[in-house]
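Full structure from sequences and hints, please.
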Amino acid sequence: QKEVEQNSGPLSVPEGAIASLNCTYSDRGSQSFFWYRQYSGKSPELIMSIYSNGDKEDGRFTAQLNKASQYVSLLIRDSQPSDSATYLCAVNEGDSWGKLQFGAGTQVVVTP
Amino acid sequence: EAQVTQNPRYLITVTGKKLTVTCSQNMNHEYMSWYRQDPGLGLRQIYYSMNVEVTDKGDVPEGYKVSRKEKRNFPLILESPSPNQTSLYFCASSFGANSPLHFGNGTRLTVT
Numbered sequence: 001q002k003e004v005e006q007n008s009g010p011l012s013v014p015e016g017a018i019a020s021l022n023c024t025y026s027d028r029g030s031q032s033f034f035w036y037r038q039y040s041g042k043s044p045e046l047i048m049s050i051y052s053n054g055d056k057e058d059g060r061f062t063a064q065l066n067k068a069s070q071y072v073s074l075l076i077r078d079s080q081p082s083d084s085a086t087y088l089c090a091v092n093e094g095d096s097w098g099k100l101q102f103g104a105g106t107q108v109v110v111t112p
Numbered sequence: 001e002a003q004v005t006q007n008p009r010y011l012i013t014v015t016g017k018k019l020t021v022t023c024s025q026n027m028n029h030e031y032m033s034w035y036r037q038d039p040g041l042g043l044r045q046i047y048y049s050m051n052v053e054v055t056d057k058g059d060v061p062e063g064y065k066v067s068r069k070e071k072r073n074f075p076l077i078l079e080s081p082s083p084n085q086t087s088l089y090f091c092a093s094s095f096g097a098n099s100p101l102h103f104g105n106g107t108r109l110t111v112t
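Listed in order, the protein sequences are those of chains L and X.
Mapped onto our numbering, the consecutive letters of the first sequence carry residue numbers 1 to 112.
Mapped onto our numbering, the consecutive letters of the second sequence carry residue numbers 1 to 112.
Here are the simulated PhoX-like pairs of lysine-lysine, each with C-alpha atoms no more than 25 Å apart in a straight line:
1) X:LYS65 / L:LYS99
2) X:LYS69 / L:LYS99
3) L:LYS2 / X:LYS65
4) L:LYS2 / X:LYS57
Worth flagging that the hints you see were computed from the coordinates, not collected in a lab.
This is the structure we're talking about:
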């Protein structure tokens with residue numbers, strides 16, 4: 001069973017600080033990596049996709065991928081109360097591209 | 001508006017009574033997938049479809065059926081629901097297996 005692991009949290013972050021979320025995966029053949037945000041009772045929505053090693057920035061969000069170490073991270077800069085949500089890491093299976101594994105999610109709580 | 005539409009949003013049924021959850025997308029996406037979400041377990045993939053008439057099992061397919069007769073529709077069928085299928089279900093679609101997913105609003109199913 002391919003695995004995607006995240007710290008469940010909650011991760012408490014002061015408003016304006018940087019939130020750092022980590023995700024590790026077991027499948028060395030994985031090629032596609034995603035971060036989704038899910039508010040309570042709502043459906044997941046895409047924050048970031050990343051496919052190659054290094055950093056990818058989009059506004060206050062930065063995704064970092066290190067395939068050699070098999071981890072992908074998400075940084076949220078200048079955290080706002082509206083960032084309080086559960087963040088889901090998703091990784092495709094390298095030998096079965098249609099299969100997508102999700103981590104259990106990290107709950108982030110931004111405190112004013 | 002580009003969207004994935006699931007129906008119904010809420011469903012309460014009894015053990016053994018066949019039911020269908022519909023999913024339709026208007027984005028001409030080739031890839032569609034069903035997930036269930038349970039507390040502490042995250043999103044688990046039930047079935048996915050790479051294109052019309054092409055479906056395959058995810059990680060938790062037991063007790064479910066799907067069909068993809070048209071590109072826009074991907075219904076989830078529970079022929080004999082059991083209480084352990086009580087869950088929050090999401091349908092999602094994308095241009096391809098390695099593309100970001102667009103999620104429907106979810107269907108909360110309770111089987112008594």
